[in-house]
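This is what each chain is made of:
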Amino acid sequence: MTANGLIQIALFSAIVLLVTRPLGGYMTRVFNGDYVFLTPILRPIEMLFYKLAGVDEKDDQHWLRYGGAMLMFSVAGFALLYAILRLQGYLPFNPQGFGAVEPMLAFNTAISFVTNTNWQNYGGETTLSYFTQMAGLTVHNFVSAATGIALAMAFIRGFSRASAKGLGNFWVDLTRCSLYVLLPVSIVVGLFFIWQGMPQTLGAYVNATTIEGAHQTIAVGPVASQEVIKMFGTNGGGFFNANSTHPFENPNAITNLVQMVLIFAIGAALTNVFGRMVKNEWQGWALFGTMSVLFLVGALIAYHFEAAGNPNITALGVDQAASALQAGGNMEGKDVRFGIANSALFATVTTDASCGAVNAWHDSFTPLAGLVPLVNMELGEIIFGGVGSGLYGMLLFAIVAVFIAGLMVGRTPEYVGKKIEGYDVKMTALAIIILPFSILGFTALASSLPFGVSSIANAGPHGFSEILYGFSSTTANNGSAFGGLTGNTPFYNITLGLAMAIGRFGMIVPMLAVAGSLGRKKLVASSVGTFPTDSGLFVAILTAVILIVGGLTFFPALSLGPIVEHFSMIHGTLY
Amino acid sequence: MLKDIRPAIVLLALFTLLLGLAYPLGMTRVAGALFPHQAEGSLIEKNGIVIGSEIIGQTFTGEKYFHGRPSATTGTDDKGNSIALPNNAANSMGSNLGPTNKALIERIKNEVEKLKAENPNAAIPVDMVTTSASGFDPDITPAAALFQMPRVAKARNLDPAKVEALINQFTKPRTLGIIGEPAVNVLKLNMALDSEAVK
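Order-wise, the sequence lines are chains A and B. So in the working numbering, spot 489 of the first sequence is number 653, and the numbers just go up one at a time. So in the working numbering, spot 154 of the second sequence is number 609, and the numbers just go up one at a time.
A couple of the hints might just be wrong.
[Unchecked claim] Calculated cross-link-like contacts (lysine-lysine; reagent style DSSO-like; alpha-carbon spacing at most 30 angstroms):
#	chain 1	residue 1	chain 2	residue 2
1	B	LYS627	B	LYS609
2	B	LYS571	B	LYS458
3	A	LYS329	A	LYS583
4	A	LYS215	B	LYS458
5	B	LYS534	B	LYS519
6	B	LYS458	A	LYS329
7	B	LYS458	A	LYS685
8	B	LYS643	B	LYS519
9	A	LYS583	A	LYS685
10	B	LYS458	A	LYS222
11	B	LYS519	B	LYS569
12	B	LYS501	B	LYS519
Everything labelled a hint here was simulated from the structure, so no lab data went into it. Remember, predicted model here, so these are calculated numbers, not experimental data.
The whole structure should be built from the sequences, with the hints applied where relevant.
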C-alpha cells in the first residue's frame, strides 16, 4: 500500500460524504411531491404520463397493492425485453447485423436486467444491436433502479407514517424517481463522460489499419448514455463484454472516480432521506456510519492483498513492488491507468453496492482480495448498497439489531418510534434468510452436478469460488462475475436466472409486509428506556450483527474457496 | 390489482420511448455537435486512413516500436474456430486466470524468459507479463517503457537519452497529482517516434 493509494481512497470517501446530504434533501423533496428547481420543466411531462397511464397521484396503496403493481411492472418489463432480444434481427439500429439472441440466453438476460442484477452471459459487442442496448437495456437500467428506490421509499414510509393504511403510490414513486432523479443526472454526467472519451454514436464498428499494417476492428456505439445510468442506478451491465475495464467505458482516472461516486451516491443519499423522513437526521447518519465502517474495512483489505501481489509471480523474477514508475502489485486482469488502489477500491465499491460493474477482473484477484467482493455480496449488499435495496436491506438488519438489543435488556424493541413485534421480526428473518438459502443451495447443487462443474475455468479451490461467486452475485442482484465461469449454458442460464428472481422478489415481498405492518402502528414517544439508535453504540451493535449473521452463514463456504486458496498460493501449490 | 395493468403497460411504453429512444438519440445528436471526435471513438487518421483509436491499445511486434501489454482477447479464424487474437477491440475480455492457476504461472514464465533475453540487466515490470483487463490497455507503466527503451533506441539508431526524453514527454502523470496512476500511451509514443524518424 502506498500513501498515494490511501489518499485516493480517502478522497473518494470524502466526495461521497459531501454528496449525501444535498442529494438526500433533493430526493426527499422529490418523493414528497414538493417543488424542486426542475419542477417547471418536468411537472408537465409527469402529469402527461399519469394521464395516459390512468394513474391517480393521490391514490395511496396498501402494501399488497404496492407490491402487486411492482410485480406487474416487472413482468411487463421482462416480456418486452425478452421480445426485443429475440426480435433484434428485425429491428432498427443494428449496423453489425446481429440476429436473435438464443432463447435461454434471452431468458437469463431479461431477468438479469429487470431485477437490477445485470449479470451478463453474453458479450455486448458480439451479441446485441444498438436498439437492444438502448430501448431494451438502457430502459431497464433506469426503471429497475427506480423500482428499487420506490420500494425503499415505501419501506421508509412504514417508519415515518403513523396509523397509515398505505405506503404511497408505486407508479408515482417510479415516475418521479426516473424523471427527477435519474434522467437529469444521466444527461449532465453523460455529456461529461463523452467529453472524456466515451463514444456516443450509431455508426458501425470502425475498421482500422494499425501502424504496423494489421487489421483492427474497433467496436463503438451509444456507450455514454448507457454507461452513466449503469453506474448511477447500480446496474453494472456493461455495453461491452469487458465492462468498465474497456477504455471506451472508462477512459481515464477521472471517469473512474466519477463512476465510483455515482455507484454510492443514491445509496448514501437514501440514508439521509430516511433520517429526514423520520425527523431525525442522525438516524440516517448512524446507518451511514455503519456502512462506512464496513466499506473502509473491505477496501483496505482488498487493497492490501492486491498491492502485496502474487508470490508465485515474484518467484519468477518479476518486480511487483510499487515505485514512482509503476503501481506494482497483482496486475493480472488490470489496466495501467487504474493500477492497484483504484482497482481494489472499485471492486469493493461495486460489490458493496449492487452495481457489479468491474474495472478489473475479480477472478484474477489474489484470494483474500477476491474474498472481499464475495463477502460484500453475501452480506446482502447493504453497504450503501443497490439503489433502494441497500437501504431496505440495512433497515432489516437494524430491526434484527434492536430486536437483539431488546432481548438483552428484556424490553419490547423500538426503532425510530415504532414497536418491533413478533410478526415484524419473523418477516425480517424470512427476508434475510432468502439470501443464504439461494446462494448456498444453488452452489451446492452446481458443485455436485457434472454440468455445473464443467463450466469452471480454474481448477482447485478457485473453481469452487467461481461457482460460489456466480450464485452470490446473482442472488444479491450484483451482476459482477468471477468471469472464468462459463455462464452461457442451459444449466447456468436457468439456475442463475432463478437465483436473480428469488434474490430480488423473495426479499421484497416480506420486506413490504414489514413496511405495511409498521405503517399501521402508532408512533411511540421515546422514553428513558428506549435504546438510542442514533448513537455510536448502535453503530457498533449493528455492525456486529451484520458480521455475525453473514459470517456464521457463509464462513464454511468461504473456507473451501478463497481461504484454502490463499494458503495454497503462499505455499506455491498450483492447480 | 387489475387496475394496475394499464399503468404497467402504458408507463413501460412511455419510458421506453423517453429513456430508450429520445434520451440516447438526443445524447447522440448533442455529442455529435459538441464532441464529435470523442463521440466517434477518438479515432486517429493518417492520410485518410483510420489507424486506430487514441485510447484503444493495438498490437506492436517490431523491434523499433514500444510494445503494449499482453492481451487475452480472441477472434475467430476462417473456419469459425476461436483463436488467440491480441488487442481485438471487437471482443473485449481478460484472461480470468486465478492466482494459483498453472496456466497463468507457465505463461508468465515464458514471457519472463523472452524479456530477460531482451534486457538482462533490468527488473521486469509486472505490467509487461500480465494480461490487461480490457484486452487492449492503451497504456504501459513508465517502468515498462524504460525497460524497452534500450531495444527501441538500438533498433532506430537513436540516442537513448532522446528516447527517454520522449518517454518522459508522453508519460501522463496522475490527474491533479493524486488521481490514477502514471501511464504512457503506447500508440502516441510510437507515432511520435515515427515522426521523429522523418525529421
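Comparing the hints with the structure gives:
1. Between B:LYS627 and B:LYS609, the direct Cα distance comes to roughly 25 angstroms. Compliance with the 30 angstroms bound is thereby established for this hinted pair.
2. A hinted pair counts as satisfied when its Cα atoms are at most 30 angstroms apart, and B:LYS571 with B:LYS458 does not qualify at roughly 73 angstroms.
3. This hinted pair checks out: A:LYS329 and A:LYS583 have alpha carbons roughly 17 angstroms apart, not beyond 30 angstroms.
4. Our distance criterion of 30 angstroms between C-alpha atoms is met by A:LYS215 and B:LYS458, whose separation comes to about 14 angstroms.
5. Restraint check for B:LYS534 and B:LYS519: the C-alpha separation of about 34 angstroms exceeds 30 angstroms, so the hint is violated.
6. Distance check on the hinted pair: B:LYS458 and A:LYS329 sit about 19 angstroms apart at the alpha-carbon level, within 30 angstroms; holds.
7. A distance of roughly 28 angstroms separates the Cα atoms of B:LYS458 and A:LYS685; the hinted pair therefore holds under the 30 angstroms criterion.
8. Pair hint B:LYS643 plus B:LYS519 holds up; C-alpha atoms about 14 angstroms apart against a cutoff of 30 angstroms.
9. With a C-alpha separation of about 8 angstroms, the suggested pair A:LYS583 and A:LYS685 falls inside the 30 angstroms cut-off, and the hint holds.
10. With a C-alpha separation of about 15 angstroms, the suggested pair B:LYS458 and A:LYS222 falls inside the 30 angstroms cut-off, and the hint holds.
11. Distance restraint check for B:LYS519 and B:LYS569: the Cα-Cα separation of roughly 16 angstroms lies within the 30 angstroms cut-off, and the hinted pair is therefore satisfied.
12. For the suggested pair B:LYS501 and B:LYS519, the alpha carbons sit about 19 angstroms apart, so the restraint of at most 30 angstroms is met.
In terms of the numbered hints stated before, the structure departs from hints 2, 5, listed from lowest to highest.
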